[in-house]
Amino acid sequence: GDSVTQMEGPVTLSEEAFLTINCTYTATGYPSLFWYVQYPGEGLQLLLKATKADDKGSNKGFEATYRKETTSFHLEKGSVQVSDSAVYFCALSVIQGAQKLVFGQGTRLTINP
Amino acid sequence: EAGVAQSPRYKIIEKRQSVAFWCNPISGHATLYWYQQILGQGPKLLIQFQNNGVVDDSQLPKDRFSAERLKGVDSTLKIQPAKLEDSAVYLCASRQITGYQYFGPGTRLTVT
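From first to last, the protein sequence lines are chains A and B. Counted the way my numbering counts, the first sequence spans residues 142 to 254. Counted the way my numbering counts, the second sequence spans residues 9 to 120.
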């Protein structure tokens, strides 16, 4: 079945460090890929998305490129801030119309000043 | 634009009791989802509605969980009777016919 695997957390970095959170997927067909973020006490928010191979999604300084050859969608940011501390979820959807999301287990990120 | 509303935000019950959660989606969003998020895991889809009809309930434990969306707007999710393993955050999400899912803040359920 369809699945998403994320790097295990928690991840702790210092402010202005470079961030990578790995995400790989297994899917039938051609999925759309997403990163969601969950700040403390808040609901999930869509951070960025990519709908086809080689697409790059970007938002708030975060980027992720849809790599079909490696079935990956790694999240990167060049210089993290304390306000980026949150839980990050990678997800896929193989049913475009119904958009049924399958999530990874989440990676907790803590940024220290 | 108001977001997805959920209530209550927190609920503590004893096992074998019943509980209900309420969700009000974003106005005009025809599709509504309920997810279960167990601590340390990603959300898992329980049920999906399109207007007031069920699209997918394949992962809903139907012996104890039920959900309805009678008028195609608000939805309730019920658990009866609750088990310890039902302790989780229950998330509601909605979306338009096209577009992306918007999530509510969730209801944290603790079963003791």
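Because the hints were derived from the structure by calculation, they are not lab data. Wrong hints could be hidden among the right ones.
Said to hold, decoys possible - According to the in silico footprint, chain A covers these stretches of chain B (three or more CB under 8 Å from chain A):
no. : stretch
1   : 43-54
2   : 106-118
As the list claims (entries may be wrong) - From chain A, some residues computed to sit far from chain B (all C-beta separations above 12 Å):
no. : residue
3   : 183
4   : 218
5   : 246
6   : 252
Stated by the list, open to error - Using 27 Å as the maximum straight-line C-alpha spacing, the simulated DSSO-like pairs for lysine-lysine come out as follows:
no. : chain 1 : residue 1 : chain 2 : residue 2
7   : A       : 209       : A       : 190
8   : A       : 241       : B       : 70
9   : A       : 193       : A       : 209
10  : A       : 218       : A       : 190
11  : B       : 52        : B       : 91
12  : A       : 197       : B       : 52
13  : B       : 23        : A       : 241
14  : A       : 190       : B       : 70
15  : A       : 193       : B       : 91
16  : B       : 86        : A       : 241
17  : A       : 209       : A       : 241
For glycine and all other residues, C-beta sits at the position ideal for the given N, C-alpha and C.
Hints, verified against the model:
1. 43-54: holds (count 6)
2. 106-118: holds (count 7)
3. 183: At roughly 6 Å from the nearest Cβ of chain B, residue 183 (chain A) sits no farther out than 12 Å, so the non-interface label is violated.
4. 218: It holds; residue 218 (chain A) is separated from chain B by about 21 Å at its closest Cβ, greater than 12 Å.
5. 246: At roughly 5 Å from the nearest Cβ of chain B, residue 246 (chain A) sits no farther out than 12 Å, so the non-interface label is violated.
6. 252: It holds; residue 252 (chain A) is separated from chain B by about 20 Å at its closest Cβ, greater than 12 Å.
7. A:209 x A:190: The hint holds at about 14 Å.
8. A:241 x B:70: holds (20 Å)
9. A:193 x A:209: Holds, at about 8 Å.
10. A:218 x A:190: Holds, because 15 Å separates the two Cα atoms, which is no more than 27 Å.
11. B:52 x B:91: The given pair, whose Cα atoms are some 18 Å apart, holds under the 27 Å limit.
12. A:197 x B:52: Distance ~26 Å between residue 197 (chain A) and residue 52 (chain B) Cα, so the pair holds.
13. B:23 x A:241: violated (31 Å)
14. A:190 x B:70: Violated, at roughly 33 Å.
15. A:193 x B:91: Violated: residue 193 (chain A) and residue 91 (chain B) sit about 41 Å apart, past 27 Å.
16. B:86 x A:241: holds (22 Å)
17. A:209 x A:241: holds (20 Å)
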